[in-house]
Amino acid sequence: MRWYWIDRFIEFESGRYAKAIKNISLAEDHVHDHFPYYPMIPSSLVIEGMAQTGGLLVCEVNQFAEKVVLAKLPKVVFHCDAVPGDTLVYTTTIEYVREEGAMVTATSHKGDVLHAEAEIVFAHLNDSRLANLFDPETFLRMVRLLGAFDVGHAADGSPLKPPRRLVEMVGAPDDGGGIGDSEDNGP
Amino acid sequence: MPTKKEVFEKIQVALVDALGVDDEDVTLEATLVGDLGAESIDFLDIVFRLEKGFDIKIPRGELFPEDILTDSKYVQEGKVTEAGLDELRKRMPFANLDQFAQNPVVQDFGNLLTVADMCRFVESKVEVTD
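Protein chains in written order, with the numbering used here: chain A, 223 to 409; chain B, 62 to 191.
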């Protein structure tokens, strides 16, 4: 099972906000247990999707150099269910980014209907023993797969590009070409 | 200019939002860690809410001096040294460290800070009226 709880970024403004979509499908195994005869996306996985949206937004502020992890949920409110066939749009907005961590406010919408809202606090891990939480190549592939560099804009309005530091670690071309485009089937 | 009562009420809101406690739990005497259950990640959240609520800047370590408490110059065998206590007093003039100084175990420091200390801290950064 791949731990992707968003399918694609649709907007990404560096240092400000990001929007991503999550399509809910009957093909997802877990919805048939949650719940039998009333499949719906678990709230915990909606939170994870909002955290992935906001976490990558926060991580990009420092060119993906910090290790950003979900640390605290001060507020989470759900207003309705989300079921197979729905497409959720997660919007996360940066409230602050500090050396120790960051906070975003997040919403989930089904069309025009507010489905959920949350405050999400992230911590920046500084333990050098952790090295890379993700293998750099896998991480870069994931961010490309999610379309962050297709829709993203840097603070100056220019197209968002993979940071040179990360590209050099992976040894990939930085011309926007995807890692593993030709042969690999993804991470 | 806020009054002292308004400063307390804004701090109360910040702590209720950050810690998920009730209004009536946030008294002046309540300790952040012992009574209100604050953990290390909560301190980041609280600092942000204070900055936003009072339009002030709180540099890292100004309210919660974790750099002193993790510095081997100031902590030995789990206790804060005299030099460390001096640094804490300089950094935290809003807090009363006398009781802590009698047995300055680092692990006990977290239970030192009260809501009243936070009010004094904010009052030192904004102009207040009585």
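Since the hints were derived computationally from the structure, they do not count as laboratory data. Given the structure is predicted, the values throughout are model-derived calculations rather than measurements. Hints are supplied without guarantee of correctness; some may be wrong.
So these bits of chain A aren't anywhere near chain B, every CB distance computed over 10 Å [said to hold, decoys possible]: (1) H252; (2) E317; (3) M325; (4) E339; (5) E390.
Cross-link-like lysine to any residue pairs, in silico, SDA-like; alpha carbons within 25 Å at most [unchecked claim]: (6) A:K289 - B:K66; (7) B:K118 - A:M391; (8) A:K294 - B:F104; (9) A:K294 - B:D86; (10) B:K113 - A:T315; (11) A:K297 - B:G95; (12) A:K294 - B:E188; (13) A:K289 - B:V77; (14) A:K294 - B:E112; (15) A:K294 - B:L80; (16) B:K113 - A:V335; (17) A:K289 - B:D96; (18) A:K297 - B:I117; (19) B:K186 - B:E112; (20) A:K297 - B:T131; (21) A:K297 - B:L130; (22) A:K294 - B:V187; (23) A:K297 - B:I102; (24) A:K297 - B:V187; (25) A:K297 - B:V77; (26) A:K289 - B:I119.
Cβ atoms here follow ideal geometry from the backbone N, Cα and C, with glycine treated the same way.
Checked hints:
1. H252: Holds, since 28 Å exceeds 10 Å.
2. E317: At roughly 7 Å from the nearest Cβ of chain B, A:E317 sits no farther out than 10 Å, so the non-interface label is violated.
3. M325: violated, 6 Å
4. E339: Non-interface label stands for A:E339: nearest chain B Cβ at 14 Å, farther than 10 Å.
5. E390: For A:E390, whose nearest Cβ neighbour in chain B is about 30 Å away, the distance exceeds 10 Å, so it holds.
6. A:K289 - B:K66: violated, 40 Å
7. B:K118 - A:M391: Violated: B:K118 and A:M391 sit about 36 Å apart, past 25 Å.
8. A:K294 - B:F104: holds, 11 Å
9. A:K294 - B:D86: holds, 21 Å
10. B:K113 - A:T315: Holds, because 15 Å separates the two Cα atoms, which is no more than 25 Å.
11. A:K297 - B:G95: holds, 22 Å
12. A:K294 - B:E188: Status violated; Cα separation ~32 Å.
13. A:K289 - B:V77: Distance ~29 Å between A:K289 and B:V77 Cα, so the pair is violated.
14. A:K294 - B:E112: holds, 19 Å
15. A:K294 - B:L80: Given that 25 Å is the threshold and the Cα spacing comes to 10 Å, the pair holds.
16. B:K113 - A:V335: violated, 29 Å
17. A:K289 - B:D96: Not satisfied, since the Cα-Cα distance of roughly 32 Å exceeds 25 Å.
18. A:K297 - B:I117: holds, 23 Å
19. B:K186 - B:E112: Judged against 25 Å, a Cα distance of about 10 Å means the pair holds.
20. A:K297 - B:T131: Not OK: A:K297 and B:T131 at ~31 Å, beyond 25 Å, violated.
21. A:K297 - B:L130: violated, 30 Å
22. A:K294 - B:V187: violated, 29 Å
23. A:K297 - B:I102: Within the cut-off at roughly 14 Å; holds.
24. A:K297 - B:V187: violated, 28 Å
25. A:K297 - B:V77: Judged against 25 Å, a Cα distance of about 11 Å means the pair holds.
26. A:K289 - B:I119: Holds, at about 23 Å.
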